[in-house]
Structures are given as C-alpha cells and as structure tokens.
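For chain D, the structure is supplied; the task is to place chain S on it using the hints.
As given, the protein sequences belong to chains D and S, one line each in that order. Quick note, the first sequence lines up with residues 28 to 526 if you use this note's numbering. Quick note, the second sequence lines up with residues 28 to 526 if you use this note's numbering.
Hints are not guaranteed to be accurate.
Which copy? The list can't say, so a pair holds if one copy fits it or any two copies do.
Below, simulated EDC-like cross-link-like pairs (lysine to aspartate or glutamate); rule was C-alpha separation at most 20 Å, straight line [as the list claims (entries may be wrong)]:
hint, residue 1, residue 2
1, Lys320, Glu63
2, Lys334, Glu221
3, Lys38, Glu379
4, Lys327, Glu221
5, Lys168, Asp385
6, Lys327, Glu219
Hints in this document: simulated from the structure, not taken from any laboratory. Just so it is clear, the structure is predicted and the values come from calculations on it, not from any experiment.
Protein chains: 2
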Amino acid sequence: MIPTSQKVPRKVVVVGAGPVGCLAALSFAKEGWEVELYEARPDLRESLSGNTQARRSVNLAISSRAIVAMASVDPALATRVLEDGVPLRARMIHDVRGGSESQAYDPHGQCINSIDRGLLNLKLLEEVLSSPGVRVFFLHKLLKSNFDTKLLTFAKDDEPNVDVYFDLCIGADGSYSAVRRDMMRFAKMNYEQEYITHEYVELRMPARTRTDGSPSYRLDPNHLHIWPRHSFMLIALPNKDYTFTCTLFAPAATLASLRTREETLAWFSTHFPDAVAHIGEQNLLDDFEANPKGSLICIKTHPYHYKDSVILLGDASHSMVPFYGQGLNCGLEDVRVLRNVLRNDKVDPLVERSGAYDATLELALRQYSTIRHDDLIAICDMAMDNYVEMRHSVTTPTYRILKAIDHFISSWTRPVPLSTLTAILSRVPFPRANPGGWLSLYTMVTFRPDIPYALARRRAQRQSGVLKILGLSGVGLIAAGLVYSAKVVRAHRRFQGSL
Amino acid sequence: MIPTSQKVPRKVVVVGAGPVGCLAALSFAKEGWEVELYEARPDLRESLSGNTQARRSVNLAISSRAIVAMASVDPALATRVLEDGVPLRARMIHDVRGGSESQAYDPHGQCINSIDRGLLNLKLLEEVLSSPGVRVFFLHKLLKSNFDTKLLTFAKDDEPNVDVYFDLCIGADGSYSAVRRDMMRFAKMNYEQEYITHEYVELRMPARTRTDGSPSYRLDPNHLHIWPRHSFMLIALPNKDYTFTCTLFAPAATLASLRTREETLAWFSTHFPDAVAHIGEQNLLDDFEANPKGSLICIKTHPYHYKDSVILLGDASHSMVPFYGQGLNCGLEDVRVLRNVLRNDKVDPLVERSGAYDATLELALRQYSTIRHDDLIAICDMAMDNYVEMRHSVTTPTYRILKAIDHFISSWTRPVPLSTLTAILSRVPFPRANPGGWLSLYTMVTFRPDIPYALARRRAQRQSGVLKILGLSGVGLIAAGLVYSAKVVRAHRRFQGSL
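Bound-form chain D, shown alone:
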C-alpha cells in the first residue's frame, strides 16, 4: 500500500460547461479529483449579461431528480439554484372555446419548478468558478480525442492547439457531442438518432401592465399551460419577470404551410384565440417569423463508457424530446448515479501515477453503463409517449376518468420528503427495495427519484392494467344497475298493466 502522501489526485476532464458538465465538475472536485472543465462557447457570464430581454428563453421544469442530484453534491445548492424558479403545481388545459381546467400534478400538491435554462446554467457555472478544485477553460473546442492514450486536443481561435491528458474524460457536451463522435471510433457503440416529424417554435407572452404601472402575469403563474389540439399543441411556462415562454409544437408540414403573416395569424386565431390575445398579434407574428423552427431529436446510445477512459453523461448519451420535462433532471441524476457507483466500487480519487490504466475505474464505468441503460431508454420512450398525452389524451373523457381514479388511489400513499430522499440517494445509485404503495407514473417520474425510471414504467404498466379493470368494472356496475332498474321499471309497468 502506497502512503496517501505519495499519491496524486486523478485528473478528470469534463467537456461541456452546461448544467450537467458543471454539476459533474462540482461533484468530482468534492470527491478530491483534480478537475478541468472545457467549453467550446464563450464564458456564459459575458453572453448572459446585457439585454436579457432580447435573449431567447428556454424553460426547464426542474423536479425532484435534479434537486436530489444537486443536494447530494451540496445540500444548499438546489436552493441557491432554484431561487429564480417559479413553482408549478398543475397543468392548465385550455380548450378552443377559451375554457380551462386545472389538472394537479400530484395529489399531495408537490410542485415542479419553471426556470430559465440560461439562468440555471449561470448559477451552476458560478458555483464551479468559485470552487477551488476546478479550472475552467472557455472557447476550447474539442478537435480530436485518443481514448487509448487518454489525450484530448482542443482548438483555440488563433492560438496553437492545446493537448490535455486525463485519467477520466466526461463527455457532457450535449446532443451533438464531440466526445461521443470521437468515442465511436474507439468503442463498439450502439447508437440511434431519430428526428420526429414535429418541430417547435418559441413565442414570448409579455407581462401585463397594471393600472399602477407594475407588471403582472397574464395567466396563472403556478400552472404549466397547455392548449392541446390533438396533432399539435401550444404550451406556456412562466418566467420570474412576469412573462411566459410559449412553445408551439406541430408537424413540420403544418409549420411550413404557414407562409404569410395572414395565413399564420388566421391559423393561430382559429386554434388558440385566447393565447393570441395574450401574446398580441404583432408580437406573435414577429416571433414566429424571427425565431428558428427547432428540430426534435431522440438519441440513444450504449454503452456509455469506453474502458477506464471516458463516459458520456446527459444529452450526449440520451437526448430526449422535451415532453416529460425530464431531460435535465435525468442528466443531473446521471452525475449522482455515477458518483455513487464510483464510491461503491471504491475508486480512489488519489493514485500513485496519473494516466495509468485502472481496472477498478473501468469496472465502475461498466457498472454505470449496465445499471443506467434500462432507465435511460425508459425515460426517452416515456418522453415520446407523453407528447401524445399532452397534445391529445388529456382532452379525452377516458383519460380523465382513469386519471381521477389514479389520483384518488395515489392520494393514499404519502409523499416522501426531499430531505429523506436526498439522504437515501446520497449513498446509493438507487435503493434495492422497491418502494411500496400506489403512485401515478407522473409522480414516480417527477417526485420519486428513489424509483428508477424503468421501474416506474413497469409499475405504471401494472397499475394501468388494474385501472382499466377498475374502470371496466365501474362501467359494468353502472350498466348492470341501469339494466336492473330498467327491468324493475318494466316489471312494475307490467304489474300495473295487469291490474
């Protein structure tokens, strides 16, 4: 055994300073690794300063998985990060006649948090920058990687390329990951990318100005607003500045068919008359013209690691469509799961010689690839399924009846406080025991990070079977009751007739 004093910290190089990369950097620094964080874009502090009004807002729905992941790195982190968030406790379903209906997310009133992606990223980056164990490099674009010799080469504008050696590389550089691109030359990786035929476009709903000149929200700020229209939908999430970020999701062909301002306005006015009134016609048309039509992609990979050299986290390894609001929750959870796997497998943050092959580390990374895969596939698929739920199912009577029964039964199972969840999940990737009770799928995915995604899905499938039987029994009982009373009435009439 080599005395600790002669050992050096392992060096982890995190590529990508988005929220997942930042949390990974913080987590490894806490564990005693030497951390370097590389980002291709400029310093977010510079790009976010200045006119925030002109900046496009992308809203995230932060829920328990993200909160527990942050809390497991630093107990107060989630609170600091979420101070600019707006809590959402329900969906508000808007019909085409202007009517609306609130559908609570959880029978016990648990909330998700709407927060601007840029703000959340900035907060996490500031945490990293103030963390003594991390060095951050902006404007470093990954050019090529050698995951056998553990060498990354970065390009820097007008400067010579930079070679960086590492013990472990973390690819947290998003859907179009350069780390993944290079890793596929080394690892036998299964990879799948699928564009769905729908696209999205963002529109901004301005604040309302009160008579006293102060701003207010145009819609209830504690709801995620949905205008479901079967094959397409509009949603709106609140910002702290009293605006809403609206997003239209629709088939690419539909969006392409709106060629003139007249066509666009007529189409919006037909399907979303109330939303048009709130957004304002001019504003809507300007945004629709100016903002790009975004693609929706689903990416699945496996394995997530190569030898003891590199691992992909967040969107780089699983890019999902945004309809479950779980993309970033899942990405931050990746960091927590990896941390706990490394701890459980006793990967020493200190080594005798940096750069050497480490079987313990490879084993831990392989374990991550194994335990995490089913969960990542499950949430990618559930996110896809939820698009149909949001734009169509929520409007159907069957869905609403089953949902009501589901919520009623769920209300018997008490929620677990976040502090308890954090305490459990700071030590293990997931508890082995299957937590009991009846929980709706949404609750399991959103508020119960102790239940892995794949397990949540399997439980919900079982529950759904039970619900259908209950629903059918209910319908059967009602039908039987109707038949019986009809018989009684007929018998009574016959009896009267025979008098």
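Leaving out everything else, chain S in the frame of chain D:
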C-alpha cells in the same frame, strides 16, 4: 429550351471504388454524365497483385439481384465478372457426428455464386478504368464536404488538399462512410448502428492433393457448407483455387474464452471434428490466432439523400449482417433502382450550367429515399433473422417439415429467366404488378429481383401462416388417422375377444 449543343454534362463524384461505387460510376457514365471516382485506398490492381495466397479471402454470394443490376448497365458485364465464381445450388448441413444433408436453395435448381470479394471488385474496377467517361483517383481521402455549395475536399498524402465541385455526390464508401458522416451535418438524418454480440473469424481450408499431384476440393464445391450448432456456426464457401474460406460466427464471449491453443483445439474438435480434419489442426490454430475477430454491425439510415446534392448507396446507407448473402446484391441493386428513378423522372444528364440547384434532381433523389426505404429495412431485418435460421432452425424437425411443404408448393411456380427479369428491370425500379404464384422467401429474395424485399417479406409472412395451418392440418390428419386405426384395432380385438 436550350439546344443540347450548348449544354454540358452534369458531374457526378462517386466516393468509394468498391463494387457499388464502380457500378455506379459505370452506370452514370453510360447515361452521359461526367464521372469522377475517388478512393481512399491505393489502386486495387497493385494491392491484389503478388501473393494472393497470403491475402485474406472474403466470399460473396452473388445472386440474381446483383446479376440483373450489372446486366442493366451492360448485358455482358455479369458474365465477365462472374467467370471466377463457383455456383452453389444447396446448403450442406453438417451435424456433429459427421453426417450431412443437402438442402436445395430452390426447387428448380437455381444457383447462387460464390466469388472472392477482391476479385469481383477488381473486375468491376477494370471495367471502370477502361470506360472512357470516368476518371479514377486513388489515395484520395475525403476530409470534409459542403453539400450546400457542392464541394468535397480530399486529402492526399504529402500533397495539398484537393477541392472537387460536383452536381451530384454518391456516397458509396461503405459502413464507416465519410460521406455519411459529413451529410449528417446537413440533413436531418435518422441513423442507427447496432453491434450484435457475435463476432466472426476466418479460417482457410486448403485444397486436397490428389495422388497425381493435382489439387481438388475437400468438400462438395457446389454447396454452401454449414455446421449449425445453435448458438454458433461454422460455414464454408468454395474458391476457384480448390480451397474453402471457412468462417466461424460465435458469441464474442465464446471466442474470448478460447485463450490457449489447447482450449481452441479442444473446442473446435468437440463441435466440428470433421471440419478440423479438413482444415488441419496446425492451420486452424494459426489462422485462429492470426486473423482478427471481426464485428458484425447493422446500420440503418433515412433519408438517403440531401437536397439535389448527395445520395448514399450500398453499405454506406444500409449495412447488414452477412447471413442472407444479400449485402452486395442489395448495394448493386441500389445502383439500378437509382438509375431507373433518374430516368423515369427525366433527369437530364446534360445541363445548361453545372453546379446550379436542380429541383428535378432533388425530386428524383427524394423518390429514391421514399421507395427504397422499406426494402432496405426489410433486408437488414431478414439478414438478422437468417442468422437464427442458419445456426439453429435448419436443425429442427418443424423447420424441415415446413421447408419441405414450402419447396413442394413452390415447385409449381415456374422460375423467370434472368434475361426476362433484366428486360423488365432495366426500365423500372420495380414492376407495379405483384408477381403471382407461391415462392419461398429465399427464392423471392435471392432469385426474384422483380419482387422488392419488403414485398417478399410480407408475402412470406402470409405464406408462413398458410404453411402453419397446413402443417397443423397434416399433424391433425395423421393424429386422427392414428386414433381411428387404434379404435379399429381395439374394436377388432373386442370383436375377437367376444368370439
């Protein structure tokens, strides 16, 4: 209308001088395009010259789709290319006790052709080199592409990069296509790559030397030999030089478990005692040690084109596992289908100004992407399914009974001569009418290029339903017969007893 004399030929740049790239170059040259063919590797004529014994042999099974595709470019081409092939009319199934059974591919005796990939490639390349309309460049590696400005940049050792403008780029550069890599930056492409958990390793079975010193085959040369062992298998295809190329397909874990020469020999002797005797122990162990373990990958993409700029053919767009022997047949068919689509859509090989955007060309490429997709997915999936058939199903009694009935019914449908098929398929991608009769799936895939892969699959699924009913009825009739005769016997005995 611009007079033809003022027009210039369009320029097609084919990337990859494998068999598909060569046939594409020949086809476009015939149609009057200006053709340039770029290949990253050295001139095949140089690399194939010299010691062909030392060179690894990869055998292809060339069947009607490839023959018709070549014939539609040049009627005599297929004959010239296939003169070094060995016709195979059946599978020979070898059991572990040394017994064997021949299973004909087709009730009418139609054959597939075993040919060395290098030789076939060389023949096609020589055709290209002697074709006046084509310029060929070796050792040009695609560095980057711009499919909006229609510019490719190639790297050439120790020389400045070469910029090449084009009207149409054809990516025929195989499973790890550089054209596809670059195209994914421009097109919204769905892409999937999957490594199966099995690997392969090649072994050479030498010729036998007769007492007069002349060489002969160790096994019947007109069979594809299979040693199916449920989870793994050995196959052997004949070469013109009296050798066989043997390929072992097995789970990667099984191959990895054979660490010493003793373990390897013991394993082979247990499962393939007769094959070991033919290959020779020393020879087998040397090959097993020296030859790399190959991966098996399945790649699916869609769409295959981007605008009017680029299209992927062959393995670059659909890389399948080798178990249906259709990889190259399908790739060459791609060339024929594309040619006929361009002709049908009246894409003029001459244009007023080279490099300009061409809506007609884009429409034709889009049509190719549309009509070809289901067929490419079908053959990729059938190739995967056929692995189970080859290594396992062929040994089961149910399979053999159903196959016998299938062959018997198929024998009523007369085969269509290759000349007739060529005449039909030289004009249209596929005939619209669904050819009648009952044909086994293997016959449709292998000998009926007028039936698209997806249609072959659907027809076979229907036929399979009928076969199962026939099989069950047969079993039922036999059972009924047995019960009836048992009753008669019992009745007879009772009658005798009562005497």
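Here is how each hint holds up against the structure:
In this assembly of identical chains, the alpha carbons of Lys320 and Glu63 never lie at most 20 Å apart, being 35 Å within a copy and 37 Å across copies at closest. Within a single copy, Lys334 and Glu221 get their C-alpha atoms only as close as 27 Å, which misses the 20 Å cut-off; across copies the closest is 19 Å, which meets it. For the homomeric pair Lys38 and Glu379, the shortest alpha-carbon distance inside one copy (12 Å) is at most 20 Å, but the shortest distance between copies (60 Å) is not. Taking the closest pair of Cα atoms, Lys327 and Glu221 come within 20 Å of each other both inside a single copy (9 Å) and across two copies (11 Å).
Taking the closest pair of Cα atoms, Lys168 and Asp385 never come within 20 Å of each other, the shortest separation being 27 Å inside a single copy and 36 Å across copies. Taking identical chains as interchangeable, the C-alpha atoms of Lys327 and Glu219 lie at most 20 Å apart whether they share a chain (5 Å) or sit on different chains (9 Å).
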